[in-house]
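A.B. asks: Please model the complete structure; the sequences and the hints are all you need to start from.
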Amino acid sequence: MFDKYILVDGSLRNAADGFSFDVMLGYYRGLGLSMIEDLVVSVDGQAVPRDAIWFDEGKGPITLSDMEQAYDRRWPFGSKATIIVKHPQPLAAGDHQLSLKEVLRISYLPFPLVAEDSKTLTLAPTVAA
Amino acid sequence: MTSKIKRGVSLYSFQEEMFLGQMTVDDCVAFAASIGAQGIEILPEQNMPTFPNISDHDIAAWHDMMARHGTELTCYDMFLDTKARKDRLMTDDEQVASIRRDLLLCNKLGIRNMRVLVFVRPDILERCVPYAEELDVHMGVEVHAPWHMDHAWILRTVEVADRLGTRHLGLLPDMGIFMKHYPPVFCDRFIRQGARPEVVQFILDQHEQKIMAEYVIYEVAVKMRGNKAEVAMVETLRHHPYANPRRIRDYIPYFRHIQAKFYEMDADCTDPTHAYEEVINELVAGGWDGYLSSEYEGNRWVQDVQPVDSREQVRRQHIMFDRLIAKAEARDAA
Numbered sequence: 001m002f003d004k005y006i007l008v009d010g011s012l013r014n015a016a017d018g019f020s021f022d023v024m025l026g027y028y029r030g031l032g033l034s035m036i037e038d039l040v041v042s043v044d045g046q047a048v049p050r051d052a053i054w055f056d057e058g059k060g061p062i063t064l065s066d067m068e069q070a071y072d073r074r075w076p077f078g079s080k081a082t083i084i085v086k087h088p089q090p091l092a093a094g095d096h097q098l099s100l101k102e103v104l105r106i107s108y109l110p111f112p113l114v115a116e117d118s119k120t121l122t123l124a125p126t127v128a129a
Numbered sequence: 130m131t132s133k134i135k136r137g138v139s140l141y142s143f144q145e146e147m148f149l150g151q152m153t154v155d156d157c158v159a160f161a162a163s164i165g166a167q168g169i170e171i172l173p174e175q176n177m178p179t180f181p182n183i184s185d186h187d188i189a190a191w192h193d194m195m196a197r198h199g200t201e202l203t204c205y206d207m208f209l210d211t212k213a214r215k216d217r218l219m220t221d222d223e224q225v226a227s228i229r230r231d232l233l234l235c236n237k238l239g240i241r242n243m244r245v246l247v248f249v250r251p252d253i254l255e256r257c258v259p260y261a262e263e264l265d266v267h268m269g270v271e272v273h274a275p276w277h278m279d280h281a282w283i284l285r286t287v288e289v290a291d292r293l294g295t296r297h298l299g300l301l302p303d304m305g306i307f308m309k310h311y312p313p314v315f316c317d318r319f320i321r322q323g324a325r326p327e328v329v330q331f332i333l334d335q336h337e338q339k340i341m342a343e344y345v346i347y348e349v350a351v352k353m354r355g356n357k358a359e360v361a362m363v364e365t366l367r368h369h370p371y372a373n374p375r376r377i378r379d380y381i382p383y384f385r386h387i388q389a390k391f392y393e394m395d396a397d398c399t400d401p402t403h404a405y406e407e408v409i410n411e412l413v414a415g416g417w418d419g420y421l422s423s424e425y426e427g428n429r430w431v432q433d434v435q436p437v438d439s440r441e442q443v444r445r446q447h448i449m450f451d452r453l454i455a456k457a458e459a460r461d462a463a
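These protein sequence lines are chains A and B, in that order.
Heads up: the first sequence at position 65 corresponds to 65 in the working numbering, and the numbers run straight through without jumps.
One gets the working numbering by counting positions in the second sequence from 1 and adding 129 to each.
Hints listed in this document are in silico derivations from the structure and should not be mistaken for laboratory results.
In this text the structure is predicted, and so the values were computed from the model without any measurement.
Don't take every hint at face value.
[Claimed, not checked] 35 Å max Cα-Cα, derived DSBU-like pairs, lysine-lysine:
(1) A/Lys4 x B/Lys133
(2) A/Lys101 x B/Lys212
(3) B/Lys237 x A/Lys101
(4) A/Lys80 x B/Lys352
(5) B/Lys357 x A/Lys4
(6) B/Lys237 x A/Lys119
(7) A/Lys59 x A/Lys119
(8) A/Lys119 x A/Lys86
(9) B/Lys456 x A/Lys4
(10) A/Lys4 x B/Lys352
(11) A/Lys101 x B/Lys215
(12) B/Lys357 x A/Lys80
(13) B/Lys212 x A/Lys86
(14) B/Lys456 x A/Lys101
(15) B/Lys237 x A/Lys59
(16) A/Lys101 x B/Lys352
(17) A/Lys59 x B/Lys309
(18) B/Lys357 x A/Lys119
(19) B/Lys237 x A/Lys80
(20) A/Lys86 x B/Lys215
(21) A/Lys80 x B/Lys212
(22) B/Lys212 x A/Lys59
(23) A/Lys4 x B/Lys309
C.D. replies: Below, the structure written as structure tokens:
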């Protein structure tokens, strides 16, 4: 229902030991983090291993396996969160093809709800200090 | 006879604009008030960022917002996260506790109707009836397509309500059950996704003839070797049977609020899809006095090609409500 808005334009940046980007929850209400079954990321056609992904809705980075028991944290409707990917080398400045699949465990549905987006995000060149 | 049907809006209707940060909750309420829609239905898990931790200060702010706009809160759309844990389902006690939490919040917000998701078990609701009675909140199980008023699952809730003799458990119809014609916005979207116009027309014709979904699905998916968009389109038939509007009148004692689902209003303020005229005739004739609460769900069908204008869509639906209510009143008086 909101798939095309999931990846936030202009949010790709390099981090200490990888990169990060901002995302929206593709659902019409907020959801407890324990119900986010999976966040499947790929960058430039390469799948990112699940244990290299951290998520932060504002309360601090958490791994996907710890998220399964995060019963007291929620991702509110219409708010950005950050996905941090631990990556061996920084991404080069320029365009990168990002894709994200959110697999959501919605109690009233008989199957998981999948929301997904794929976009080219541009990493701005680093300005030398 | 002047009917007592009232006009309201669910904040669900403005999900596109709220998601994108183009409208705040206050903007939505102000807009509703501007078109004379005085009843506001809320989804706390959408409209309250700190849910489920709602402070007295938050509650006061909601009351203040309603007073400022001359509106009232009509309905609380609950959710029940039975699958909150990966390793097991919620226990029955946990389900009752979650529903009780929602009933308490309703009471604090001054809301007397709670929309209960259709999948919630009748025996769980039975255990919640004493709380609903004490807090004076009607728990209405959402009658959402492909369920309908006479569906065996829905009748189980009716049986519990009858057996207990309670006025605090019943139903809450979603007008999507009265989808008489296939929505043009669905067709257009499936065509953009690659459905061939002749296959789309075949599905439309079959739907108009009210052919059972499974027959049409077999024709399109197997015999016509339908592509992905065509199969997706024909499978929507499974979820949208057309229920008989005349049946709603018999259930009037069981519901106090209606979710007025729609996907698109035409420029002349008619709904090309749902049988609102037939339904409103029954509601007026039956003397029903609750809120018709707009539930616009067309955003997801048009957002790929055009900006979504939920306000204009809701405005048109309310013009239709006024027209159809007046027409039904005249018919009833004659």
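A.B. asks: Sort out whether B/Lys352 lies within 35 Å of A/Lys101, counting only the CA atoms.
C.D. replies: holds, 33 Å
A.B. asks: Quick one, are A/Lys4 and B/Lys133 close enough, alpha carbons at most 35 Å?
C.D. replies: violated, 42 Å
A.B. asks: Checking one constraint from the list: CA of A/Lys86 to CA of B/Lys215, max 35 Å. Satisfied?
C.D. replies: The given pair, whose Cα atoms are some 25 Å apart, holds under the 35 Å limit.
A.B. asks: Does the alpha-carbon distance linking B/Lys456 and A/Lys101 stay inside the 35 Å limit?
C.D. replies: violated, 49 Å
A.B. asks: Given the hint that B/Lys237 pairs with A/Lys80, does the C-alpha gap stay at or below 35 Å?
C.D. replies: The given pair, whose Cα atoms are some 30 Å apart, holds under the 35 Å limit.
A.B. asks: Are the Cα positions of A/Lys59 and A/Lys119 separated by 35 Å at most?
C.D. replies: Given that 35 Å is the threshold and the Cα spacing comes to 26 Å, the pair holds.
A.B. asks: Straight-line Cα separation of A/Lys101 and B/Lys212 no greater than 35 Å?
C.D. replies: Given pair A/Lys101, B/Lys212 holds - Cα atoms ~20 Å apart, limit 35 Å.
A.B. asks: For the pair supplied as a hint, A/Lys119 and A/Lys86, is the alpha-carbon distance within the 35 Å limit?
C.D. replies: The given pair, whose Cα atoms are some 20 Å apart, holds under the 35 Å limit.
A.B. asks: Hey, B/Lys357 versus A/Lys80, does the alpha-carbon distance stay inside 35 Å?
C.D. replies: It holds: about 32 Å lies between the C-alpha atoms, which stays within 35 Å.
A.B. asks: Starting from A/Lys80, check that the Cα of B/Lys212 is at most 35 Å away, please.
C.D. replies: Holds, at roughly 24 Å.
A.B. asks: Quick one, are B/Lys357 and A/Lys119 close enough, alpha carbons at most 35 Å?
C.D. replies: With a Cα-Cα distance of about 22 Å, the restraint between B/Lys357 and A/Lys119 holds, given a limit of 35 Å.
A.B. asks: Given the hinted pair B/Lys237 and A/Lys59, is their Cα-Cα distance within 35 Å?
C.D. replies: Given pair B/Lys237, A/Lys59 holds - Cα atoms ~28 Å apart, limit 35 Å.
This entry does not satisfy hints 1, 3, 4, 6, 9, 14 and 17, going by the numbered hints stated previously.
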